[in-house]
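The primary structure of each chain is shown beneath.
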Amino acid sequence: MSSNIYDFSTLTGSIHTWLSGMMSSGWVNFTELVLVGLAFLLMYALLGLFLVYAERKVCAFMQNRVGPNRVGKWGIFQTIADLIKLLMKELIPIRKSDPLLFNLAPFIVIICSFLALAALPYAKGLQAIDFNIGVFYVMAVSSLSVVGILIAGWSSNSKYSLIGAMRSGAQIVSYELSVGLSLLAIVVFSGTMQLSGIVESQANGWWIFKGHIPAFISFIVFLIASTAEINRGPFDLAEAESELTAGFHTEYSGIKFAFFFLAEYMNMFIVAALGATVFLGGWMPFHVGNWVGFNQIMDYIPSLVWFIVKTFFIIYLIMWIKWTFPRLRIDQLLTLEWKYLLPISLVNIVFIAFIVLMGWHF
Amino acid sequence: MSEEIIKDVIVGENEDYIINMGPQHPSTHGVLRFEVCLKGETVKYLIPHIGYIHRGIEKMCEANTYQQLIHLTDRMDYLSAHMNNEAVCLVVEDALQVEIPERVKYIRTILDELNRIASHQLWWCAFGMDLGALTSFFYGLRDREHILDIFEESFGSRLLHSFVMPGGLMHDVHPNFQKRTKEFIKYFRKKLPEYDQLLTGNIIFQNRVKGIGFMSKKTAIGYGVTGPSARGSNYSCDIRKIAPYGMYDKVQFNEILETGGDTFARYKVRIAEMWESMNIIEQLIDNIPEGDFTAKMKPIIKLPAGEYFRRVETARGELAVYVVSDGNKTPFRMKFRTPNFSNLFVINSLASGHKIADLIAISGSLDLVIPDIDR
Amino acid sequence: MNSIIEYFTDIFKGISSLCAGLRITGKYFISPGSIVTQQYPENRATLKMEERFKGEIIMPHDENNLHACTGCGICEMNCPNGSIEIITDRVANAEGKLERVIDKHIYHLSMCTFCGLCVKTCPSDALAFGQKFEHAVFDRNHLTKVLNQPGSKLRKEAK
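Chains as they are written, first to last, in our numbering: chain A, 1 to 362; chain B, 1 to 375; chain C, 1 to 159.
Some hints here could point you the wrong way.
Stated by the list, open to error - Partner residues are not named here, just some residues of chain C that face chain B (Cβ under 10 angstroms, in silico):
1. S16
2. S17
3. L18
4. I24
5. F53
6. N78
7. P80
8. I86
9. R90
10. T113
11. F114
12. C115
13. C122
14. K145
15. K156
Unchecked claim - With beta-carbon atoms standing in for the labels, derived distance ranges:
16. B:D172 <-> C:T144: 26 to 36 angstroms
17. A:G26 <-> C:G26: 52 to 62 angstroms
18. A:I92 <-> C:K104: 46 to 56 angstroms
19. B:D326 <-> C:K120: 18 to 28 angstroms
20. C:K104 <-> B:K329: 21 to 31 angstroms
Hints in this document: simulated from the structure, not taken from any laboratory. Note that CB positions come from ideal geometry on N, CA and C, so glycine has one too.
All chains, full assembly: derive it from the sequences and hints.
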């Protein structure tokens, strides 16, 4: 089946044996934890840099212009220049704000996105933690970022931040329902919540094709709801309220603002990775049913490359939507969720359960 | 109308937020301050404060001769600079009873309409940007560059020309003018449907602007709103039809009226006006007669003592010029009745009861240019 | 029943209007030939402004360092905000009579509004618009220019 896809567990297994030869098992665990942590930090930083640059280039091409092209060839060091600028800015302390909460809020947001990153399968054998409730875990920890946003808005001691934070809180809490229900659709199809199990079950085709119409509807609902979850695109009234204020992170400057900024892009990556895993097959190459020869050819492309291509495809869709459409007003946003997305998702789930019972999917 | 009293200071009650949308807007409208009294998310009352860019243009006009003050009128409503210049020139030509050549009339009308298209293009891109559709900004500017290139070739400057002089034009247009204008019309006829696909038909956009900021015809007449903002409320106020000047009485064009009265109606009026302007230019561009570019005028212009009045249709409404002359070479008093001043103060009755996000959409649809308010 | 049908047709119409917008931005994304940005400092060698471009006021001198300004002061009278100052001198000419000659034609670029009246009303066509537009300086005094070059004289037309 997926026999000639390179398995990263050989690599990780050999590192483990090499370390065990050098130290006792307690120290081996500790070293592995540190190594994995460092790897994630590095990946986080590099991905953040790359995504900011990609967004600027993508939106520039859509707007008939060039985008950053002066700092380094094709402007690839532009984000590093921006980062240095942000690091050198003054951290303005706010009078009468709650200093503990004010400083804690950006960290909460960053920690939540790290927690979610750890559970995603990047390639065959390359997954930090493989929970048997993987989908549920990712949803739960990404909901924690609401706490960070509300704390940021409250502790800034400013009316505009509070308005922005309240709106954002209402928006995120509402759209979590739709995200959960659309992920639930694929859980019903594949019968397991374990992320590696979901990927393995797509070895004869991705769920978006096997599950035909209801899976496609779930995919669309997932895209819309997760764009609203990460405060992006047509749903960014809370933060790009540049009409009026700048939302919950008005009072943050320097590195703390950089944390919020970075966390937004990484949330976009996490949401896209989750969508790619659940709907588009994660690291599984494009297999079609029983065409063994075709599947073997597809297996030659490494699984990590498949994962990256699918994730960036979804990221491109999210960026495309943001740069084309105007913003929704807060009451229209909530109407969309409670009157359109939620009923459609519920009916869809019932329909999918029926299909799985009757075996009417591929 | 008699029950409405215009307040000039806000006295808030218990749970009201009073905030300032300060003189520096993130949007592109200019230096204008809105003092807004909010209850939660809803606007209860709204007072605009003006005067941040008052430069004393009317007073400066009293110290300049009639040719010298043309360049000051450019800077009032800088997006329809040409119409401002033409208003003053028409007053002077009326007072001196000068017959201007046919060629001048054709060229002035064509430039009027090109300026109108350029102004509406900039309005469209700023409106899209205020609502969050950031790409529409670049598409509008990209198309506007073609018109600005035509202007640069003939006059030397893109925005503020001071090209129309009493008696005619300052010099003749460039020989390429006709060819480039026709190319532009062909190009823009293909691009304007894209604006509709990107913004007008979009369901998110329609939900943001339909039913927002309803202005009845009575309100429009009562506040003196003119231009496309009033034509969206079915108030027929096009000076080009009521008191024609230039070639407007000899070309066929429709006055665009919409009965909706809301923001979407005002939006549709402006898009349709762009189509009509292209029709007007097409009727004139091939038939420009040869001739002089100016009538014979004395170097020092002195208007006979008396009062003179003339109005034109700028891209935003009715601009009227009222001159009191005592026979000298500088006017005794020059008064401009600017369209944006009247259009601004209707915003309180439009925006009360709506949300903050709607306030942005409404002020975008009124298409305000602040230097015109303050002069 | 009607409201259910309306619900679904609303959804489909909404989605198709959104797709129309996506098609336009997608079309521009995949065609890099539609980029309209000019790479400004790099293209200075080939950049050519229009011939009538109003960059600044200059007094054209020909190859013998002769200009056409008689120092009459008409441009100074016509300038609406005093951006031109004419300083004249009385110099004995070939027949020994004292006549007025231009000493310095001072032009304040920082105050000029580019209305063009000086160019238009000059009786000897001595002034013109130049195409240089890079005027940024660190010291404001550098924006006050003297238009007639040192050692230049009035071009005498052959009578």
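Quick rundown of the hints versus the structure:
The restraint placing S16 of chain C at the interface with chain B holds, with a minimum CB-CB distance near 9 angstroms, inside the 10 angstroms limit. A hinted interface residue such as S17 of chain C counts as satisfied when its beta carbon comes closer than 10 angstroms to some beta carbon of chain B; here the least separation is about 5 angstroms, so the hint holds. Annotation: interface hint on L18 of chain C holds; nearest CB of chain B at approximately 6 angstroms, less than 10 angstroms. About 5 angstroms separates the beta-carbon of I24 of chain C from the nearest beta-carbon of chain B, less than 10 angstroms, and the hint is met.
Taken as an interface hint, F53 of chain C checks out: its beta carbon lies about 5 angstroms from the nearest beta carbon of chain B, inside 10 angstroms. For the restraint placing N78 of chain C at the interface with chain B, the shortest Cβ-Cβ distance is roughly 7 angstroms, inside the 10 angstroms limit, so the hint holds. Restraint check, P80 of chain C versus chain B: the minimum CB separation of about 4 angstroms is within 10 angstroms; hint holds. For I86 of chain C, the suggested interface contact is broken, since its CB lies about 17 angstroms from the closest CB of chain B, more than 10 angstroms.
With a least beta-carbon distance of about 26 angstroms to chain B, the hint placing R90 of chain C at the interface is violated under the 10 angstroms criterion. For T113 of chain C, the suggested interface contact is upheld, since its CB lies about 5 angstroms from the closest CB of chain B, less than 10 angstroms. At about 6 angstroms, the closest approach between the beta carbon of F114 of chain C and any beta carbon in chain B falls short of 10 angstroms, and the interface hint on this residue holds. Taking 10 angstroms as the C-beta cut-off, the interface hint given for C115 of chain C holds, the closest approach to chain B being about 4 angstroms.
With a cut of 10 angstroms, the hint placing C122 of chain C at the interface with chain B is violated, because the nearest CB-to-CB distance is about 12 angstroms. Proximity of K145 of chain C to chain B is violated relative to the hint, the smallest CB-CB distance being about 19 angstroms (cut-off 10 angstroms). Interface restraint check: K156 of chain C against chain B, minimum CB-CB distance 26 angstroms, threshold 10 angstroms, status violated. Separation of D172 of chain B from T144 of chain C is about 33 angstroms and conforms to the stated range, judged on CB atoms against 26 to 36 angstroms.
As the Cβ distance of G26 of chain A to G26 of chain C is approximately 55 angstroms, the hint placing it in 52 to 62 angstroms holds. About 52 angstroms separates the C-beta atoms of I92 of chain A and K104 of chain C, a value consistent with the hinted range of 46 to 56 angstroms. Separation of D326 of chain B from K120 of chain C is about 27 angstroms and conforms to the stated range, judged on CB atoms against 18 to 28 angstroms. Between K104 of chain C and K329 of chain B the beta carbons are some 28 angstroms apart, a value that agrees with the proposed interval 21 to 31 angstroms.
Hint compliance for this structure: hints 8, 9, 13, 14, 15 are not met, and every other hint is.
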